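**Q** Here are the chains, one letter per residue:
There are 2 protein chains.
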Amino acid sequence: ATSSFWSGPWRAGAPSSRWGHQAAMMTNERYSAVPSTDKEVDIINIKGIEEIGYLLNCLTPEETAQCRHGLYFQDGERRVDYVLTYQVKKPSSSRARRHSSRFTDNALTRSLRRTRPQARSAKPDPEPGPQETSADHHEDDKRFRREEFEGNLREMGLELEKDEDGKTPGVGFVKIHAPWNVLCREAEFMKLKMPTRKVSFTLYKINTFISKVTDPLHPNVEENRIENVKHLSHPFSREKQHLFDLSDRDSFFDSKTRSSIVFEVLKRTKCTKSKFSMVSISLCPAGITSLLGSGAYLAAYPLHDVITYLTLFQLLYEEWASYSVFYKYQPVGLIRKYFGEKIGLYFAWLGVYTQMLIPASLVGVFVFLYGCVTVDDDIPSMEICDSRRNITMCPLCDRVCSYWTLNSACGTARASHLFDNPATVFFSIFMALWAAFFMEHWKRRQMRLNYEWDLTGFEEEEDHPRAEYEFRVMQKSLKKEHKAQKVHTPGVGVRGGGVMNCHINVAVECCFQIGVTFAIVFGVILYRISTKAALHMSSNPTTRSNVRLTVKTTAAIINLVVILILDEVYGAVARWLTALEVPKTDKSFEERLIFKTFILKFVNAFTPIIYIAFFRGRLVGRPGSYLYVFESYRMEECAHGGCLMELCIQLSITMLGKQLIQNNLFEIGIPKLKKLIRYIKSKRSAFQEEEREKKLQRYETDFFLEPFAGLTPEYMEMIIQFGFVTLFVASFPLAPLFALLNNIIEIRLDAKKFVAELRRPVAARAKDIGIWYNILRGVAKIAVIVNAFVISFTSDFIPRLVYQYMFSPDGSMHGFVNHTLSYFNVSHFQNGTAPLEPEILGFSVDICRYKDYREPPWSPTPYEVSKQFWAVLAARLAFVIVFQNVVMLMSDVVDWIIPDIPKDISVQIHKEKILMMDLFMKEEQGKLQVLDNLTVDGEKENSSAHSPQLRPRAVSHTQSNSF
Amino acid sequence: ATSSFWSGPWRAGAPSSRWGHQAAMMTNERYSAVPSTDKEVDIINIKGIEEIGYLLNCLTPEETAQCRHGLYFQDGERRVDYVLTYQVKKPSSSRARRHSSRFTDNALTRSLRRTRPQARSAKPDPEPGPQETSADHHEDDKRFRREEFEGNLREMGLELEKDEDGKTPGVGFVKIHAPWNVLCREAEFMKLKMPTRKVSFTLYKINTFISKVTDPLHPNVEENRIENVKHLSHPFSREKQHLFDLSDRDSFFDSKTRSSIVFEVLKRTKCTKSKFSMVSISLCPAGITSLLGSGAYLAAYPLHDVITYLTLFQLLYEEWASYSVFYKYQPVGLIRKYFGEKIGLYFAWLGVYTQMLIPASLVGVFVFLYGCVTVDDDIPSMEICDSRRNITMCPLCDRVCSYWTLNSACGTARASHLFDNPATVFFSIFMALWAAFFMEHWKRRQMRLNYEWDLTGFEEEEDHPRAEYEFRVMQKSLKKEHKAQKVHTPGVGVRGGGVMNCHINVAVECCFQIGVTFAIVFGVILYRISTKAALHMSSNPTTRSNVRLTVKTTAAIINLVVILILDEVYGAVARWLTALEVPKTDKSFEERLIFKTFILKFVNAFTPIIYIAFFRGRLVGRPGSYLYVFESYRMEECAHGGCLMELCIQLSITMLGKQLIQNNLFEIGIPKLKKLIRYIKSKRSAFQEEEREKKLQRYETDFFLEPFAGLTPEYMEMIIQFGFVTLFVASFPLAPLFALLNNIIEIRLDAKKFVAELRRPVAARAKDIGIWYNILRGVAKIAVIVNAFVISFTSDFIPRLVYQYMFSPDGSMHGFVNHTLSYFNVSHFQNGTAPLEPEILGFSVDICRYKDYREPPWSPTPYEVSKQFWAVLAARLAFVIVFQNVVMLMSDVVDWIIPDIPKDISVQIHKEKILMMDLFMKEEQGKLQVLDNLTVDGEKENSSAHSPQLRPRAVSHTQSNSF
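Line by line, the protein sequences are chains A and B. In terms of UniProt numbering, the first sequence has 241 at position 241, counting the first letter as 1, and numbering is strictly consecutive. In terms of UniProt numbering, the second sequence has 731 at position 731, counting the first letter as 1, and numbering is strictly consecutive.
Please keep in mind that the hints were generated in silico from the structure rather than gathered at the bench. Computed from a predicted structure; not experimentally measured.
The list treats identical chains as one, so a pair stands whether inside a single copy or across any two.
The list that follows gives simulated cross-link-like pairs (lysine-lysine, DSSO-like), each with its CA atoms no further than 27 Å apart:
1) K476 <-> K903
2) K911 <-> K198
3) K240 <-> K913
4) K587 <-> K911
5) K240 <-> K193
6) K913 <-> K476
With the hints as constraints, model all of the structure from the sequences given.
**A** Encoded structure:
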């Protein structure tokens with residue numbers, strides 16, 4: 001009877017499984033025994049979360065014994081591998097049987113009704129009011145689907161235990177245990193690589209000196225010590241059981257593997273039989289995800305494992321999730337062992353990135369120091385500060401501003417030199433190569449981890465289709481079925497106009513969002529212009545002297561706040577847009593979401609900076625014909641010495657602000673605040689004080705932890721930071737240092753979160769960091785171009801070079817400042833724009849100077865751009881081309897020279913393959929020997945062939961020996 | 001006894017296999033019976049090749065019966081799957097036993113001696129002279145190794161048959177047959193995916209209209225018709241035999257698979273036991289490759305299969321290797337079926353490339369036609385041709401040349417317009433995107449083929465280490481062993497200074513070769529300059545008028561000849577350099593070789609063209625201060641209208657010449673010539689006429705065919721052509737057309753070669769075209785940059801735009817020619833450079849014009865570059881940046897938008913996975929049912945779990961049922 005589930009499509013209409021039915025009956029009986037009320041659930045939820053602290057207290061070894069509560073089934077034998085929770089409503093006896101009343105005219109339940117005749121025969125009594133009935137039906141529907149699903153799970157061989165009357169009323173728990181044969185079967189299907197008996201000796205050379213020096217940097221974890229022996233691994237197969245060391249069945253599959261196996265079954269198991277299973281579409285589609293989505297279950301999670309892995313958990317807590325070990329490597333092997341490969345890779349990546357930031361920030365600091373040291377040797381800033389050269393500059397705004405002398409910009413000019421010196425050119429080349437090295441280093445590290453974690457040869461599985469997608473396809477095919485009787489192109493059918501429309505919608509929406517960002521940036525620009533103008537007009541002289549500083553600071557802070565707010569908005573927008581697209585699998589959903597979120601957040605974070613770097617001060621016009629926005633505001637100019645200084649300020653405020661606020665405030669502060677609020681609330685609901693005295697079951701504690709929301713936000717934060725580190729590094733060499741300091745905290749913060757504040761995530765296998773690697777590559781590529789433009793257009797590097805080698809009379813920098821300033825005849829001011837106080841400097845001005853390459857008033861073509869302008873422009877552009885192509889070429893060379901697979905790993909893999917081959921050949925030989933013993937007399941003849949007819953029977957000799 | 005080989009490392013010193021021993025004895029006895037002489041081999045070789053024609057005659061069905069000769073062992077039952085050939089020397093009876101005399105003091109044979117005591121006991125008699133002895137020993141050594149090897153092959157289960165007295169004296173043949181159990185075993189080890197009984201229906205929509213229209217384009221092959229059913233495939237496993245349809249064992253593994261299985265065994269089998277097999281290093285290293293390398297065997301090849309696949313072979317011959325089907329698609333499935341995936345992929349790629357060339361050449365022709373049509377509307381060339389504007393130009397050479405009027409350059413200017421018009425800008429953008437599309441299209445096609453050919457999930461195996469590499473490692477470790485007794489770091493040890501030195505050597509050598517290329521290009525330039533000067537000086541006016549044409553043509557031809565010669569030289573150099581590096585595996589050897597060859601050939605082919613495009617005419621200097629090479633030759637100028645015309649000529653001559661000469665002369669002509677020579681020779685050696693009358697055995701016919709030399713030359717040729725098509729497409733829009741015409745011939749030419757002129761290659765599995773894809777990407781990337789520079793610097797596109805939008809008084813192109821010409825005062829000529837006949841135009845010249853942007857003589861800074869120059873330069877550079885980045889971005893977008901895996905294929909793969917899963921689950925269910933029948937009474941209790949202790953025993957129930 002139990003075979004009907006998997007043979008569904010071939011034996012349509014067979015009666016439902018006995019298991020499912022029995023389970024449903026059982027639950028119905030239990031239902032009426034639950035004493036809680038409907039309204040309590042919310043309060044309990046909030047109160048229960050208070051118990052988080054319990055988890056942490058539980059970690060000391062002496063309390064372990066108490067912690068075992070709920071880690072096993074009630075028989076104390078079978079481990080809980082997974083937990084499902086659902087909401088329990090207080091049922092009235094009259095409602096208990098009404099669960100199929102609304103399904104009668106619904107295609108969804110056609111097959112259900114067929115399989116549950118007794119449900120149909122018990123027709124509902126029609127007394128209750130319509131609203132109540134609807135809510136009840138909803139609940140009944142959910143319960144019905146749960147029962148169906150749980151029945152199917154039992155049919156798959158899983159063992160379930162229910163607990164509805166724990167210490168957390170309103171919440172029911174289904175504990176799932178996977179028995180040995182299910183584990184074996186699924187491990188075989190999933191092609192899990194398990195360690196075999198056979199060991200190989202790795203060839204790692206243990207350089208005692210280096211290992212002694214770096215010893216304090218390694219976490220104090222046993223695993224790191226004995227690296228030289230590795231068990232060969234082989235995809236698990238029940239037919240090859242003799243390969244594996246199955247002496248201890250309880251620990252052969254560790255808790256991480258067990259939970260991921262159960263999760264695999266949960267994902268695969270449909271809640272009803274499929275009608276279209278030829279093409280993998282079921283009416284109630286893909287397993288647990290859709291049930292969670294529809295609210296039939298509240299949550300599904302594996303338990304934090306504190307039994308067999310007590311030491312592991314403890315070690316993680318002490319050697320990883322603690323600020324006191326900030327200088328140490330992370331125990332990546334342990335993280336993987338507990339959280340699975342995907343999360344292990346994230347932390348490994350974060351570690352590599354942080355480690356790589358050390359040299360980058362060192363060089364960055366050196367570059368900055370070089371700027372500080374050479375500031376007094378810089379001829380242009382000396383010339384600006386030289387009070388003997390009293391160069392009269394044209395006013396910075398219309399009418400209210402007046403002429404000013406260049407040496408009042410002395411401070412800015414000297415500060416600019418800190419970030420605008422030849423060392424920054426070197427530094428941006430360095431950082432481009434650094435990024436390439438980082439990529440390569442990570443690839444190699446990833447390869448090494450793949451080897452160590454037995455992931456070589458593991459293929460990323462095509463994911464199960466998402467529930468929403470299947471629902472869409474189902475709708476389509478149902479519609480088709482109604483129209484004509486053709487139902488045979490469902491997979492293709494969904495790619496019709498609807499999806500195309502979606503794509504267009506999404507593109508339009510994305511553009512709209514980016515448009516919003518641009519509008520906001522423009523708004524901030526307007527704010528700056530207008531505030532500046534207003535403040536300039538103010539009569540208070542101290543206000544006016546503080547104008548620049550005030551405006552800069554407020555504008556930067558406004559920008560920051562806008563960025564932070566939009567960041568949250570864009571996250572939601574991206575999620576909504578991706579949902580519109582209805583991607584087929586969870587993986588493609590995730591990738592699309594990530595890509596969109598990244599684009600929006602990236603544009604959001606960098607638009608103001610790009611404006612300052614490339615547009616500010618370029619669209620000013622010239623004295624006598626300034627460019628006006630809304631015909632009244634003049635565009636902003638940069639301070640003398642280039643916009644680099646302002647770029648640097650904006651960059652540091654955004655970066656520091658984002659990191660401080662998003663990391664510290666959002667990641668530490670807000671959870672703390674929440675806890676406080678909960679604490680206060682729980683004080684009020686003191687009527688349950690006595691319940692809190694009782695120990696909670698383990699699965700209850702875990703239920704009150706935050707669910708794991710994926711690694712996307714963590715990666716995203718780091719990638720945006722990577723953008724700050726690489727994109728404008730030419731203007732802010734200290735960025736890597738700030739990033740480094742942030743990451744040292746970030747690692748431990750994340751670690752704490754994973755160990756103590758989140759439900760244990762299901763261990764997911766992954767060979768690489770997926771789309772993030774491509775995004776990193778993209779950012780690194782863009783960084784090269786952006787840096788090329790920053791150096792050539794934002795900094796004064798190229799004009800200086802051009803002056804020195806083309807225009808300087810003596811080949812030195814003397815006279816550079818004069819050369820960059822054009823002449824303006826004050827009589828050429830447009831009406832009403834001349835300064836009101838023209839003699840503020842103490843003398844009347846005929847000619848003022850402004851920063852541009854234009855012909856002087858006395859040339860035949862006054863105020864036209866000069867030959868110098870074109871020469872400098874050509875030089876700038878040539879620099880961009882050379883820089884971009886040379887640096888990209890160098891990156892490619894780095895990419896090409898460093899092999900992706902470390903030499904020792906490839907040797908090792910090859911060696912293990914040969915060992916494996918030898919093992920199999922030995923086995924073959926063993927079989928042949930058996931055969932030879934049988935045909936020993938035939939052998940003595942001088943024949944060149946073993947008789948081929950005899951062999952095949954001997955093949956399965958060694959199969960069941962070790963079972 | 002037979003188990004000793006594979007347990008070598010564990011049971012060192014066990015006696016050698018009985019099989020090996022017996023085989024050696026057998027051969028020794030046979031040896032003396034061979035009647036041929038030492039010297040005959042060469043003659044026979046040459047004569048035998050004459051028999052190629054026989055192969056083709058053999059294809060008609062009525063002759064099939066005769067063709068079966070030699071396709072089976074002498075029992076007529078067992079198929080010949082592979083053939084090894086070796087040279088047979090006439091043995092003297094005294095020599096026959098002397099084969100181990102020189103090994104006594106050699107570490108190599110320590111283990112051999114241990115295993116062959118009887119060989120040692122028969123000590124050599126020391127009569128023969130030293131040279132003779134040495135040669136004999138060499139022969140004996142080879143024979144000895146062959147025997148050892150063949151013994152090991154027998155131990156592996158292969159069946160061998162020797163034939164030393166066939167119709168080709170001097171050559172011995174070892175025919176190898178793989179019996180069923182060996183095939184099964186190896187297929188399992190190689191994880192070959194074989195079709196199962198289970199079929200799935202593909203969802204290909206058969207659009208009847210399109211299929212009807214394209215029907216004549218498809219090859220007339222049955223396979224294309226019935227695509228809708230596909231057998232699911234699964235890695236072969238003897239434990240899952242019930243999955244496969246084994247009813248016909250002879251055809252389950254086809255001949256391609258059989259031969260590749262045997263080849264795998266041949267590669268793996270070492271000729272002696274390994275001492276260090278822990279780390280996979282043997283004293284006589286990797287199997288057949290090293291034996292072939294050392295000359296122990298002459299050749300190793302599978303046979304052309306004309307039995308079961310008679311129809312296939314016939315079909316290939318008719319529907320593929322024939323010029324009459326040039327317009328059809330290739331029967332790629334058949335090619336793969338016969339030659340394996342690697343060669344199948346090459347032809348599929350060639351097909352895709354050729355197909356993609358069709359739109360490119362169409363657009364190219366349109367662009368060319370656009371140039372032809374608009375030539376009369378082109379204002380600058382109209383102005384040049386306008387005889388009323390008599391612009392006097394400065395002389396083109398010193399003293400002998402005189403002033404000339406611009407309208408004499410009318411023809412060139414008009415011709416230039418054909419290639420230098422706005423359409424070419426469009427065309428180069430188009431071609432950049434075309435290249436991106438081509439890549440994507442190929443990726444998708446590859447993916448589709450991977451699916452159709454059951455390669456999904458197949459992992460490229462790490463290759464066996466190359467014999468040379470292992471030899472090196474062995475030397476190292478032996479040396480170490482002698483020094484100290486540590487032998488445990490052999491894999492790492494080889495990466496010492498030696499390899500590093502090699503790398504440096506190789507780099508230096510490559511640079512040197514590229515230097516040679518540059519030197520030769522410079523030589524050709526000098527030739528042109530000096531010839532031109534000499535011809536200019538000639539008094540004959542017709543000579544002088546033909547100067548340009550003569551010089552251009554001869555120079556281009558010299559270039560072409562140099563390129564062709566250097567191509568051959570560089571091939572050899574690259575091979576030599578790669579051998580120096582001692583790469584570890586054949587794959588890395590091949591990749592390094594390909595990379596080096598590509599770099600050298602690429603530089604070789606494109607250096608002269610790059611010179612013309614970017615350097616010619618730029619380093620001329622100006623009238624009055626020309627630039628001189630060796631202080632006597634002025635650098636070349638381009639004709640008026642840019643160098644684009646000359647670039648175009650050079651490009652077309654190189655491309656056409658290379659294709660015509662390399663393809664037609666080398667690929668068709670030389671083999672024909674060789675055949676002729678052989679024919680004449682064989683006439684002379686008529687003493688063997690009677691032997692030729694006899695039918696040759698199949699393996700003999702195949703032996704006389706050319707060995708398969710790999711796909712590298714074929715790919716290389718195509719990639720260089722791809723370079724011509726994409727790199728300078730802005731200057732030569734007809735390149736795709738020429739390439740297309742060439743490829744249509746090329747495909748059928750290659751096909752003929754593979755079917756009729758080469759030994760059958762061993763079928764190699766491959767998922768992709770490997771390094772070639774990366775090289776293609778690289779070329780496409782470089783093409784974008786090169787085209788950007790060609791458009792902006794070589795063509796007049798940018799100066800025209802700049803003139804039109806910046807300097808033109810009325811916004812039209814009128815006056816452009818005048819604007820590009822600077823003024824020169826003839827009184828400023830340097831001494832002795834003024835023309836000898838200044839009044840050749842009929843009037844005395846004060847001011848002549850030259851093409852450059854310089855200040856006129858009357859400006860304050862005469863002859864300095866003008867503002868226009870800088871403006872144009874800036875525009876050119878800006879164009880390069882914009883073009884490069886926009887086109888690269890567009891390529892990336894194309895890359896990103898088009899999914900790598902076609903939708904239907906991914907749906908199909910997913911579907912098949914589910915079907916496979918269902919199959920396995922059904923099987924599981926079957927097992928459970930057996931169990932349920934056993935425990936049927938226990939089921940009736942209301943327990944939530946099946947008893948886990950009972951399950952495992954049921955697992956292996958269904959294993960041997962279908963065997």
